[in-house]
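All chains should be built: construct the whole structure from the sequences, respecting the hints.
There are 4 protein chains.
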Amino acid sequence: MTTNLAEIVAQVRADMESHIGSGRVADYIPALSRVDPRKFGIAVTTCDGETINAGDAEEPFSIQSVSKVFALTIALERVGEALWQRVGREPSGSAFNSIVQLEHEHGIPRNPLINPGAIVVADVILNQRDPKLAITEILEFLRARADDRSVQIDLEVAQSEADTGHRNTAMAYFMRAFGNLNGPVYDVLTTYFHQCAITMNCVQLARAGLFLAGSGRDPISGEQVVKEARARRINAVMMTCGHYDASGDFAFHVGLPGKSGVGGGILCVAPHRASVAVWSPGLNEVGNSLVGSLALERLALLTGWSVF
Amino acid sequence: MTTNLAEIVAQVRADMESHIGSGRVADYIPALSRVDPRKFGIAVTTCDGETINAGDAEEPFSIQSVSKVFALTIALERVGEALWQRVGREPSGSAFNSIVQLEHEHGIPRNPLINPGAIVVADVILNQRDPKLAITEILEFLRARADDRSVQIDLEVAQSEADTGHRNTAMAYFMRAFGNLNGPVYDVLTTYFHQCAITMNCVQLARAGLFLAGSGRDPISGEQVVKEARARRINAVMMTCGHYDASGDFAFHVGLPGKSGVGGGILCVAPHRASVAVWSPGLNEVGNSLVGSLALERLALLTGWSVF
Amino acid sequence: MTTNLAEIVAQVRADMESHIGSGRVADYIPALSRVDPRKFGIAVTTCDGETINAGDAEEPFSIQSVSKVFALTIALERVGEALWQRVGREPSGSAFNSIVQLEHEHGIPRNPLINPGAIVVADVILNQRDPKLAITEILEFLRARADDRSVQIDLEVAQSEADTGHRNTAMAYFMRAFGNLNGPVYDVLTTYFHQCAITMNCVQLARAGLFLAGSGRDPISGEQVVKEARARRINAVMMTCGHYDASGDFAFHVGLPGKSGVGGGILCVAPHRASVAVWSPGLNEVGNSLVGSLALERLALLTGWSVF
Amino acid sequence: MTTNLAEIVAQVRADMESHIGSGRVADYIPALSRVDPRKFGIAVTTCDGETINAGDAEEPFSIQSVSKVFALTIALERVGEALWQRVGREPSGSAFNSIVQLEHEHGIPRNPLINPGAIVVADVILNQRDPKLAITEILEFLRARADDRSVQIDLEVAQSEADTGHRNTAMAYFMRAFGNLNGPVYDVLTTYFHQCAITMNCVQLARAGLFLAGSGRDPISGEQVVKEARARRINAVMMTCGHYDASGDFAFHVGLPGKSGVGGGILCVAPHRASVAVWSPGLNEVGNSLVGSLALERLALLTGWSVF
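Residue numbers (this note's numbering), protein chains in the order written: chain A, 429 to 736; chain B, 429 to 736; chain C, 429 to 736; chain D, 429 to 736.
Worth flagging that the hints you see were computed from the coordinates, not collected in a lab.
Be careful, since some hints might not be right.
[As the list claims (entries may be wrong)] Output of the computed footprint for chain C on chain D, the stretches with three or more beta carbons under 8 Å from beta carbons of chain C:
hint: 1; segment: 506-519
hint: 2; segment: 529-542
hint: 3; segment: 661-675
hint: 4; segment: 679-691
[As the list claims (entries may be wrong)] Partial list, computed: chain B residues near chain C (C-beta under 8 Å):
hint: 5; residue: Ile527
hint: 6; residue: Val528
hint: 7; residue: Glu531
hint: 8; residue: His534
hint: 9; residue: His594
hint: 10; residue: Arg595
hint: 11; residue: Thr597
hint: 12; residue: Ala598
hint: 13; residue: Tyr601
hint: 14; residue: Arg604
hint: 15; residue: Ala605
All of these numbers come straight from a predicted model, not from anything done at the bench.
For every residue, glycine included, the Cβ atom is placed at its ideal position computed from N, Cα and C.
Following this line, the structure appears as structure tokens:
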């Protein structure tokens, strides 16, 4: 299969050539707006332990909301299914930063993969400690999962997120008003903004997500990161909620659980097969990587990995 | 595997014993409210062509919204991907009969598996013909898929739906106001109400859904009902939208595409494995079969059929 | 004061010259779209019984939603304060034809001067009779109030309203679904559409509203049409709800209770002073007569009739 | 008239006896929850300069949102009609602290008398200065208008508002995200929370509002506080927006512009007649003084001061 997969990945990259540069690079903070829109990287790490990559797969980018999947994993390990008392697991039916639903549903975010849900998750990880401890915990989890200690947080990005994050701040205070934040708003947001500012490349990111393809077990290290049922459930949440209000569309076109970030990265899990990371900074109108989504659709078609 | 599967189905049925009778039977029309809440049936038809069933699997029930999956299939075959100009494929984030989204999104329903979306689908099938022709087309499709000409429409149920369907009528007129209905409202609704009133048993329903498990091909008859890509996409829509505002929860607990109906039936597709139908009339608070959902969660666990 | 008032009205008309023709004529039905956008009429009938008019004050126009004030009066006389069980008296905070609020507030319209509220009022007047009786009752009330039997219903307009009134039909069925309509939807809407199709000129309309300026008593005929408290309350509802989602703006600029119609007419009540009708077909972006609103603001300024 | 008015006020007080103690005292901060629910005070100051009061009219209470009328006056004097670029003047159709409208309308609050609108007004008064200067300006304006330098800010209340004001903080950050706050969120809220914590009694409050009854001129001091047109417009905003989502009800029952506060106070303006302040801490279900509203309805009936 390896030869075959390498050919497929090369094919995907070739097929993307005409699209590269499409979409609109996020510009709400300088560090993101400076990224070259023509970047494109893809890495596939199989459950057999092989990695195929192409393009700018070793160039670091800001993983942004892709981090929400890993933070969710940490929070579930900490408090178990009790997490679902504080955050739902339904698609939101609205934009990633909508506050309307929070008012209608009394401060309980729809799911952990939209901003307010991820802020609740950050509060769970923070656990009323010093934010440095929580940030370190998240970073170390990513380094362990990527099997690469060079994974870093971009402090300029973290600071920019804080400087411009009025809407996230509003959502945090709003949830606090409903009693759904335990830690100080500033500390929770500090944790959240640093988590979003983690920088990885496609190879690292694909490697980091591999345990989700392996029924909770990292097939390379052999470590059981989470129980099988938990891995399945995280994948399920990614499938229904991983692309904000375009989650249905992603399931329709790609047929795999995935989580996008505004930096242009997408982590995609093919259960029992592989973990895939793509990166292309141009976003479509709902904030997901335009070329990255196309690449994953093509990959799913050529591999037959769609779960449907 | 068959022996094994038979044991699993028996186990699922046994595990449900303590739950049977839970939930609240739909009471908005007499024909539904009269149903014995202690009914429970399950049928599993594998891609190998074997059927295992248990309980009241041969007793007919009103499939109601489960019909939306088959109507979607017919409409896609008729107009192809152009259907998506008139109906979305995103989870709604709201109740099955909410009209709020229609106003905010200019008469385009969120997906074809909620009421307004299914009304648009009915309009596509109606195609400005006599409703009798459209109803016959839907019924014949179900009979063919179930390989059983005894599948019927319960005319009392159809009439009751029409008599009480003020909210569906409101949604139809509302979409008409936005230019998203071509046929006369009365004819579209007549088609829709009759489609909802189709009566099947679990064995027939599991058989009818088998083409969705078989990549679009009915593995028993060998007929390619729809192309593989289309079957996958219908499954994707079921996964993200099949249980109204509890679709995320169903994906989380069961991990398979499924579509529920207010009559207590659920059709569930395990790609490349089997088609499953369960029936238990008691509904949970979001309108899906309470015991049926539990049974499917148990079945998915014991078989390992979750796609995640 | 009369001389003075005549001068003021002449001044208002002169001041409007440069604005005449502004705004956008309603075009959803042919009969309205054909109206000359340069028409402008004004009539002021004082509690002393004098009438001053200017411009096209004797040319009939479709009063449309201005009729809602008179229908409200009739319904209150029939069922008294019990009416408020079925319709609120708060500004809607949304467009005149929004259905969102109806879903959130269980089929109870916000007030009787938006479309769904007026449909409930029509249902009250209909009182499960033949719609012809209800329509006649409304028309005769207008004729009596205008002291002019030539007031008519434009049947072409009524028919056009029915042909295009899908959104109103949707709202009627939606309220029926919540049990807030007693009569058949068709009959209620027939009543409503005919009421909207009443044709009057400014002189007739100002005369018809005079009882609201006279504490419920028609100061010319001496007839006590409604009790003083009721007249005051109708005026209050007009003040807070009479211009849809621009009611606050009208109160701010004009300072008088008023009710607009999509035909370009506005009835405005200066308590203890006068009843005023203006007509200019061009509408502003919220559906109220653009020049008519300006004329009333000017009139209120020059007369000092603002209640504030 | 004075004798008559004194009798009327005595009558109103007597009529309230059986109601006193009704409603629910605000309990979100300790200082408010400690207030005796049986307090009732009323003061009427006429444009002739006479004051009639009854009950606990000289006992100070927290004026809370009644302060919004005076803050609006100050802000309008500072930036004039340009204020309406940043805040609307339409009734909200929703609760005083709803954030939904802010999202739908891009950070522009519906009117200056709901919380988010008052926060924008506080930002205008703050004008990027030290909050102490803004707070002093507001306090001095109240003292001048009340002609009483003993008007104070209750610092315990101000601190409690800040400690519990997560929802107001959320709204401030939300508006900041839309670019509709100029000053630092903390400073704006400090100004706002202190403004809400002003303590006055009925006599002072009625006196302070007198300029709004006097066409912008304080009839006692002779000072023209604002121009006539501005006073009328402030009254208009109070009429349509002064009682949150019960403004229509207040206009219906009382027929006068008014503004309520959660401390149980209501300021009510009878144009050209008098300024009225009532105080009774028990609130109705929409957050307005229950007995205070009844007292004003009774007063309006007995005096005939309704503007309608």
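Hints, verified against the model:
1. Look at the segment 506-519 of chain D against chain C: 4 of its residues bring a Cβ nearer than 8 Å to a Cβ of that chain, three or more, so the hint holds.
2. With 3 residues bearing a CB less than 8 Å from a CB of chain C, the segment 529-542 of chain D meets the requirement of three and the coverage assertion stands.
3. Restraint check on the segment 661-675 of chain D versus chain C: 10 residues with Cβ-Cβ distances below 8 Å, three needed, restraint holds.
4. Three residues within the 8 Å Cβ limit are the bar, and the segment 679-691 of chain D against chain C gives 4, so the coverage statement holds.
5. Because the smallest distance between the Cβ of B/Ile527 and any Cβ of chain C comes to about 5 Å, under 8 Å, the interface hint for this residue holds.
6. Against a cut-off of 8 Å between C-beta atoms, the interface hint on B/Val528 holds, since the closest Cβ of chain C lies about 5 Å away.
7. Because the beta carbon of B/Glu531 sits about 5 Å from the nearest beta carbon in chain C, less than 8 Å, this interface hint is met.
8. Hint on B/His534 is violated. Least Cβ distance to chain C is approximately 12 Å, over the 8 Å limit.
9. Annotation: B/His594 was flagged as interfacial toward chain C, and the flag holds, the nearest CB pair being 4 Å apart, inside 8 Å.
10. Here the hint on B/Arg595 is kept, as its CB sits about 4 Å from the closest CB of chain C, short of 8 Å.
11. Against a cut-off of 8 Å between C-beta atoms, the interface hint on B/Thr597 holds, since the closest Cβ of chain C lies about 4 Å away.
12. The closest approach between the C-beta of B/Ala598 and any C-beta of chain C is roughly 4 Å, which is under the 8 Å cut-off, so the hint is satisfied.
13. At about 4 Å, the closest approach between the beta carbon of B/Tyr601 and any beta carbon in chain C falls short of 8 Å, and the interface hint on this residue holds.
14. The beta carbon of B/Arg604 is positioned within 8 Å of a beta carbon in chain C (closest approach about 4 Å), and the interface hint is therefore held.
15. Here the hint on B/Ala605 is kept, as its CB sits about 4 Å from the closest CB of chain C, short of 8 Å.
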